[in-house]
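*Asks:* Chain by chain, the residues run as shown.
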Amino acid sequence: MGYKQYILVCGGTACESNQGIALFNALKSAVISNGLVNDVQVVRTGCLGFCEKGPIVKILPQDTFYVEVKPEDAETIVKEHIVKGRVVSRLLYDKKQSQINVGIEGIDFYQKQFRIVLRNCGVIDPDKIDEYIARDGYKALEKVLFTMKPQEVVDEVSKSGLRGRGGAGFPTGKKWSFAAAQPAGQKYMVCNADEGDPGAYMDRSTLEGDPHSVLEAMTIAGYAIGADKGFIYIRAEYPLAIQRLETAIAQSREYGLLGKDILGSGFSFEIEIRLGAGAFVCGEETALLASIEGKRGMPKPRPPFPAVKGLWGCPTVINNVETLANIPVILTKGGLWFSKIGTATSKGTKVFALTGKINNSGLIEVPMGTTLREIIFDIGGGIRNGKAFKAAQTGGPSGGMIPPQFLDTPIDYENLGKIGSIMGSGGLIVMDEDDCIPNIAKFYLDFTVDESCGKCAPCRIGGRKLLDYLKKICNGDGTNADIENMQEISEAMARASLCGLGQTASNPVKSSLRYFMDEYKEHIDEKKCRAGKCKNLLRYTIDAAKCVGCTACARVCPANAIAGERKQPHVIDKTKCIKCGQCFEVCKFHAVNRA
Amino acid sequence: MTALSAPAASRGCACCCEPSEAELYVRLDEVIGEYRDKPGGLIPALQTAQSVFGYLPEPVIRKIADGFGKTVSEVTGVVTFYSFFTLHPRGKYLVRVCLGTACYVRGGKEVLDAFKKRLKIDVGETTPDRQFSLEVGRCFGACGMAPVVMVNDTVHQRVKPARVGELVNRILAGGAVAVEKEQA
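Protein chains in written order, with my numbering: chain A, 1 to 595; chain B, 1001 to 1184.
Since the hints were made in silico from the structure, they are not lab data.
Warning: the hint list may mix true and false statements.
List of simulated lysine-lysine pairs, DSBU-like, C-alpha gap at most 35 Å [what the hints assert, rightly or not]:
1. A:471 to B:1160
2. A:418 to A:471
3. A:260 to A:128
4. A:579 to A:567
5. A:535 to A:579
6. B:1160 to A:579
7. B:1038 to A:455
8. A:576 to B:1160
9. B:1117 to A:471
10. A:567 to B:1160
11. A:387 to A:112
12. A:174 to A:128
13. B:1117 to A:533
This structure is a prediction, so every number in the text was calculated from the model and none was measured.
Required output: the full structure, derived from the provided sequences and hints.
*Replies:* Okay, structure coming up:
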């Protein structure tokens, strides 16, 4: 490679939708117009993680990290940075810096992070297999095919202590050993990329930024369990990830790393992409298999587990994208190396999609055992607009709300379980004082009721009842008996539902009742919503001392509920008020109170 | 993959440049032939059929059921199970407002209300001029820029309710969904 410098442009969905493609093109044009085609290469990489400050541009070898770069800035970057060797300070994260090598060291967002899964995201061009190979890609596959027996591969993964990153945390080595122990014959390896958990996008970013790592891992898994066919079940909503996977599959076939007789080892493995058709329940493994078989995606009772009887009745291993992305590293560096990272029961790292009311939204990867406080306040930069932290939700609609008193709990599978949540796939949504807890619980139940497949009664009926009670409470019609009923239904759903969706659907309700009972009580006893989110419970009044009688509120009120003379304090007629809040918005004197 | 979410048949006017219905059915026969013997081929066949027709009308479902040797009720059961499939034609622009958690807590609901008001349709409906269909999305994995709206294959980030009208006008002017092509 004869290039002297590289300009890396983030090609993740977040940056691409923020003029990222125009920026990429502008940089290429600027390089051409400045006659630097032979010296500088512009590379579009996968997600660099810091979505909040995108689009991101990184320049090598200086490691300069530019944020919020616009297409208009391309010419400046090339003229100043590349040609004259002067840093463009106004595009740095810390604009006061003036050295050219201002990388990510000074950015809190990247401290405390440790990248295994996302090792190549933002570093390589995902559409070029050579760049993956240059970063030790397919080295693990080669090692496995030529120096290890299938059983040794399974043992190495078991030794690493890796557990499933899709949610439940089942040991990956154990899962593989079950399928490997089945008599030889048709077996399948499935990658679950049906990332349906709202607020989670780590699988998307991994596939967009480093598709080959997943292909390599699937092939290794196929060798370990004795499968010659793999499926990637991915959401149709992820067009960019699908496109990059298709490119990656074609390239690895061309290189003899996929297909018949891989690298002349005698082992053959094929991978086919199947698109999901929009059903959250298909993230559940038996439902996912039904969907690949072309049926309604409804779960089946387990056992038999898919590792014994899965796709078309054959032994099948289903691993999530993030789980798989760990595999090549485990086999290159060894299970022992991996097992030294993390906590006693949870090894390695976890990728979180940090979103909600947080200053630095983005994709982060931290060692297991990092605390919520470190994630939210150190990496995430704290709560937006200086508001107070109220709760964090892990595990999406299947998880629980974690209150401030557990901010210092080290995050691992067991600890999250103890405080009533789950690891889930890695969505981490931060809520502040303006979020109403019963309303958020209602939001989650609304989701799970909509997505329940309806096969088993506890989930179908229980979810509906929970939603009804939550609606009642948010409308100000709740009673204390409703709370008791909700607790009972939640327990029944957790115990009796057929699959993970129903078993965990009541977690948002259970955890919020456990930690935020005072908010439920306020809604029920005082008919009050402290966050101002439940419309029916709001009362609008005008503070006569502040009102100057400008009539703006009276003019905007659609219900003619506000009366008053010009230059005299106005009054809201509570019987007419429809609580639309327009008076509150329009008043320039903060004279309208909402409580 | 663009073809999957931007149905070819519902694009633009119904003038002579559109393939005739007979031609579409010829294409359907090819699709059935391609997937019939593939294990689990029903869903990919339905996805492709939907991209050909823009939606899945009853005659198409019947034809696919015949081709696959399944009952119409079984195929309809699959179609109605997945939110991706639609039994009704969609507009030229499919607007999907994300109500995933991150978007919800950052005001996705208000954005949805603004679209309903501007387009004068409810969720699941299509404007009478067949320009817009409005749907709710369950997370596009773009949570860092919440709230987001996906129009066909383009993600619009940090959408403000007050600027929905402007966005709709930009889409109609053809400026907001055209996917920028990368330079070679």
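*Asks:* Take the hints in turn and mark each one as holding or not.
*Replies:* How the hints compare with the structure:
Between the alpha carbons of residue 471 of chain A and residue 1160 of chain B the distance comes to roughly 27 Å, so the proposed pair stays at or under 35 Å and holds. This hinted pair checks out: residue 418 of chain A and residue 471 of chain A have alpha carbons roughly 28 Å apart, not beyond 35 Å. A threshold of 35 Å between alpha carbons decides the hint, and for residue 260 of chain A with residue 128 of chain A the separation of about 22 Å falls inside it, so the pair holds. Of the supplied pair hints, the one linking residue 579 of chain A and residue 567 of chain A holds, its CA atoms being roughly 24 Å apart against a limit of 35 Å.
Annotation: proposed proximity of residue 535 of chain A to residue 579 of chain A holds, straight-line Cα distance about 7 Å (limit 35 Å). With a CA separation close to 22 Å, the supplied pair residue 1160 of chain B and residue 579 of chain A stays within the 35 Å bound. At most 35 Å may separate the alpha-carbon atoms for a hinted pair to count; residue 1038 of chain B and residue 455 of chain A meet this at roughly 27 Å. Between residue 576 of chain A and residue 1160 of chain B the alpha-carbon distance is near 29 Å, which keeps this suggested pair within the 35 Å criterion.
A distance of roughly 24 Å separates the Cα atoms of residue 1117 of chain B and residue 471 of chain A; the hinted pair therefore holds under the 35 Å criterion. Taking the CA atoms of residue 567 of chain A and residue 1160 of chain B, the gap is about 34 Å. The hint holds against a cut of 35 Å. The hinted pair formed by residue 387 of chain A and residue 112 of chain A meets the criterion: a straight-line CA distance of about 24 Å does not exceed 35 Å. Using a Cα cut-off of 35 Å, the hinted pair residue 174 of chain A and residue 128 of chain A holds, with the two alpha carbons roughly 34 Å apart.
Distance restraint check for residue 1117 of chain B and residue 533 of chain A: the Cα-Cα separation of roughly 21 Å lies within the 35 Å cut-off, and the hinted pair is therefore satisfied.
Taken one by one, the earlier hints all hold for this structure without exception.
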